[in-house]
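J.: Below are the chains, spelled out letter by letter.
2 protein chains.
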Amino acid sequence: MPENLDAIFKPRSIAVVGTSRKDGTIGREILYNLVAYGFNGPVYPVNPKAAYVNSIKCYPSISAIPDKVDLAIIVIPKEQVLSVVEECGEKGVKGIVVISAGFKEIGEKGIQLEKELVRMIKKYGIRLVGPNCMGVINTAKDIRMDATFGSTLPLDGQVGFMSQSGALGNIILEYADELKIGFSKFVSMGNKADVSGNDLLMDFEDDENTKIILMYLESFGNPRKFTKIARRLTKKKPIIAVKAGRTLAGARAASSHTGALAGLDVAVDALFEQCGVLRATSIEELFDYAVAFSNQPLPKGKKVAIVTNAGGPGIIATDACVSLGLKMSTFDKETYKKLEEILPEEASTQNPVDILGDGGPKRYEKALDVVLKDINVDSVITIFVPPLMSKALDVAVAISKVSANYDKPVLGCFMGREEVLTSIQELEKNNIPAYLFPESAAKSIAGMYKYRELSKRSEGNIVHFEVEKKKVKSIIDNALSAGKGYLSQDEVRGILEAYGFKYPETQLVKNEEEAVNSANRIGFPVVLKIASLDIIHKSDAGGVVIDLEDEGDLRAAFKKVISNVKSNAPEAKIDGVMVQKMVKGGRETILGMSLDASFGPLIMFGLGGIYVEVLKDVSFRIAPITDLDASDMVKSVKSYPLLKGVRGEKPVDIEEIEKYIQRLSRLVEDFPEIEEMDINPFVVFEKGRCCNVVDARIKIERSYKQNKF
Amino acid sequence: MPENLDAIFKPRSIAVVGTSRKDGTIGREILYNLVAYGFNGPVYPVNPKAAYVNSIKCYPSISAIPDKVDLAIIVIPKEQVLSVVEECGEKGVKGIVVISAGFKEIGEKGIQLEKELVRMIKKYGIRLVGPNCMGVINTAKDIRMDATFGSTLPLDGQVGFMSQSGALGNIILEYADELKIGFSKFVSMGNKADVSGNDLLMDFEDDENTKIILMYLESFGNPRKFTKIARRLTKKKPIIAVKAGRTLAGARAASSHTGALAGLDVAVDALFEQCGVLRATSIEELFDYAVAFSNQPLPKGKKVAIVTNAGGPGIIATDACVSLGLKMSTFDKETYKKLEEILPEEASTQNPVDILGDGGPKRYEKALDVVLKDINVDSVITIFVPPLMSKALDVAVAISKVSANYDKPVLGCFMGREEVLTSIQELEKNNIPAYLFPESAAKSIAGMYKYRELSKRSEGNIVHFEVEKKKVKSIIDNALSAGKGYLSQDEVRGILEAYGFKYPETQLVKNEEEAVNSANRIGFPVVLKIASLDIIHKSDAGGVVIDLEDEGDLRAAFKKVISNVKSNAPEAKIDGVMVQKMVKGGRETILGMSLDASFGPLIMFGLGGIYVEVLKDVSFRIAPITDLDASDMVKSVKSYPLLKGVRGEKPVDIEEIEKYIQRLSRLVEDFPEIEEMDINPFVVFEKGRCCNVVDARIKIERSYKQNKF
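Protein chains in written order, with this note's numbering: chain A, 1 to 709; chain B, 1001 to 1709.
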């Protein structure tokens, strides 16, 4: 099967199987769109019941077509799809788009049918888009293929779009048309039986017509591969994505802190952040971004100027800019001086620059020119509110004219309805995005700036650590063959130490005398902890006593631990008691991992105790974690200043934390059997003193299957 | 001057002074709108240069009009305004709207002119809207007055609107027209020289045509009065407000924690929260709300059902609902059964209910009926994405029909452009809001639900406490006459104790021997703190040593404190050293107050130490604080669970904290001279043990003037 998607995107001939003479049917609309959009090659209608469709000779079957067919669009009842695909295979068709529904999306029966479909295309080396989709578009001049049943023919442009929802696909085509957004390619992916989002990303990466990538996603087939592609791709082209299904994932039974906190869609946020993908929170925002990205250069910094003819909208735009993390430009003295010369006395030369309600095209032109010239201005929002007798169109012309002289983004906000319609069209013609509300313009500049920052970031490295993989493998294999879920303390320790984690000195003892001998050897103060596979929350069961200073304390504590556990968890099998060197000082943190159903291992970092339990102040990234990811994770918790030291405390060794986050990532990457883990507390100290695992839990899953990658 | 606004809203005759025969001028447009909208009374154009305007006889001056004039709309150059107002006064005109600009908004000269204008209207008992505004509308059947120069005549309806921006006023009229939102009254307030937002609120409160109040605000003239009116009014009618200028206020030099954290617009959020006002973050959102509130009943609970013909938008709507705090309904068994009967096998009977792309009006009608009948459903979002050959209009009819049978809000989301236009009109005709994006529908339901909850809340009480006001007055008066900013520790203590706060036992000593005697009397352990008016941050200067267990410790600490301060703050005048009983245990909190330029005293609560310093986990409310406000403040910090006790700790006495928040509110209300204060730490204990002020700072402002209320 060919790696590339030329079979889909570059056919020299297309058959529409299941076209119809009846207006308004899907088969009819696809044929019509192919012809109306001017496909560069012959289109063959296939329908046993018609002699011609849309004035084109019709064939009774795909095999009856006398010429070569590169791509077949299939729009027939699901029961007939397989046999037509086989016919296509025999004829040498290399690309197929199955529009028909009734596959995976309807449950068991459909899943079976889809599996057979995939088997069939593999047999013939065919690439397949769909099933259950609305088709594909390639606007390239030498192709010009609109093989969708969309009600709007696309404009050609720089946007590569993929949608996982067919219903939204059509809405998107219409909406784009209204906003004059042009596409390079448009793909409704449907069930993604063969061609996946990742395949399309790779295609868009190499497609020189595609400069901006937009996605509407509901699920990720292979997030790991997505990460690899997107990390690379976003250095060159912006990817803007709406990921729906944000809040559905939440329901998950989890006994670890990490698991409990990994609900909602932190995984998607983490993934996008790691990959440099800009997340839009709605379709509306997606398009606000798209208009700006496809028409204007990226801002070189975060300093925004606003030129307006009305105070209120200027304030609204300022609010939006500042709250999105942009800065309002402070101009050069020279700029203020020039603005004073140009503008009437009552105007505001401060940013937002208010040229007053009677400001016409000349005033806009001059003010915009002065402001754009200022090196303290990285981007400009021009706001126009139509007063009476205004010359909206002339203002649009003036803005367009000045803007063309500068390599800085200029966005328009023309606040009116019918009376500014022609001026909005004028702006659009000159590639100036024209928004209805100031907030949209501000959001778009903030998005462009964010993308620029993301794309400049280094990709980071997956650091190599010396680890003892074999040792861990044998522990896990043994545990799995015993059918365990949670591992014993010894097993956990064996695994973590094999990957470079350090424990305070610890010994498992069977009785009070052994405990005393052990503590004398280790040195007081010590901690006692019950050792039992049946007790997950040792403290809750009264199975932990800390800070034992001498033998007397120790003996009393030993008795207490045993009696507590016997009364609180009478069923538990007690393996003994751990005597552990008491770790004093340092800062408690938590490192954890939870397995996301579609994203794989999700690594968590936070400060321990109330920071994780009450304030839920944690950060997530998807494994594998680069050195930069690890550094981002530590910096992005709110309590980060505590690690750097407040009130005269010394900072803890932050690099050491980052190193262990990466070691944890390596561990869970190497052993997908690990389903959940918390290292809590993981105590960190100032530089020069190694971190300590004070307690840890690992749960492994017997039947865990890796995602197919 | 009359209290009510009948002079503005219920004139029986209107003069337009400065009208013009020239099309497109403001004076001409106002006259045209008055006539075109059908004002129920005579309209008199005034212009010395025209014999008639708009086919109506014109008068050379207001005094030349032979009949009585109730309201004058003034559209003449600012220089002539005063004399015309005087002429109006002489003639007995009781209401004036000054459209003309060039007053307060242009700076010093304009401020002067505006003051004279106010003096003039007071002299004649005239009520004035403006200057610098776009006019007023009252759609009441017996009045029908559109005295604006808006380009769209308003629909009549239930919305009372006030806008502080003239430019936005016109946009709002147009946008409302497009969305079929009808107004009861519309007021462009301009500079609010006389008629204020509060005056209008009181008018809207009594106006039975006004059911919903919308506001666009940039500033509050009298927030305290607003609070009083809005708290009462929102029990009866929803107030939805956009407050612009959110991020401009931030710049403020503040040395207290409270001051530093009170930036941005926490004051506005606090005010709206206290008053039950729903805040919209943009004009777009304001209208999304307005459409829902003016057409549909409030939901009785937070459980939403979604009925859709496409999966993607259903998921998007679900995301939006859940992330806004709504709940997706779990239906009755009966409902699932009925849905299964009605819908095809492949449809989803789970919420969101997916009736599939081929679902026509019948299926919508039946599914919507079943879902609305379910007691687990408080509101419904119906989503329609036009597939080919769909009957969008029939679907709209079906939805309208079913919706009319239930007293539950039903919102529509018709995702398409031209092909759904007539169906959107059909929905609007039947009072079903029709949004373009699912997120807008979700946001509107969330807003309606939030308003319902807010309006049901008790108003709370201003609790009376026994305090010694005179004692505080004399301390503050003495301090002011000495010109002080920060008060001495003794003064602070005197003030706080007079208002019921408790200090741990403390004594000011002059030398080491006195310190030892004092500590022996108070009882060890004690704390030493430098006493110097010149040292605000005592710890930073090395002026605090805590937990001194015996005389030896104390003597060493005394020497250290003195030498630290001498080297760290050599200029500081040392008043002595405070010996204070060491407060052990308990939970550190912070109570504070910062004076907002327009809102007055802003009270802060949070946990002390890193919770305030690093995590900035605090809550604000505007004084005066009711018992409910205080309770809300404590509950709304993230670290609240720590007060209730975690990990087996006993809860602290939360009622006691609430009581002291209210005492603080009372103090700063009684003494507007207090500019800034922190009580930090304010240590609280479990029930039965009184809270302790461990440290506190108060800054008073000599020249502080209260806002005119």
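Calculated directly from the structure, the hints in this document are not laboratory data.
No residue lacks a Cβ here, since even glycine has one placed at the ideal position from N, Cα and C.
Any given hint could turn out to be false.
What the hints assert, rightly or not - Not close to chain B: a few residues of chain A, all C-beta gaps over 12 Å, as computed:
| # | residue |
| --- | --- |
| 1 | 384 |
| 2 | 467 |
| 3 | 639 |
As the list claims (entries may be wrong) - Here are the simulated DSS-like pairs of lysine-lysine, each with C-alpha atoms no more than 30 Å apart in a straight line:
| # | chain 1 | residue 1 | chain 2 | residue 2 |
| --- | --- | --- | --- | --- |
| 4 | A | 337 | B | 1109 |
| 5 | A | 584 | B | 1638 |
| 6 | A | 616 | B | 1635 |
J.: Against each hint, give a clear statement of whether it holds in the structure.
T.: Against the structure, the hints:
| no. | hint | in the structure |
| --- | --- | --- |
| 1 | 384 | 10 Å, violated |
| 2 | 467 | 35 Å, holds |
| 3 | 639 | 6 Å, violated |
| 4 | 337/A - 1109/B | 22 Å, holds |
| 5 | 584/A - 1638/B | 28 Å, holds |
| 6 | 616/A - 1635/B | 17 Å, holds |
Checked against the numbered hints above, the structure violates hints 1, 3; every other hint is satisfied.
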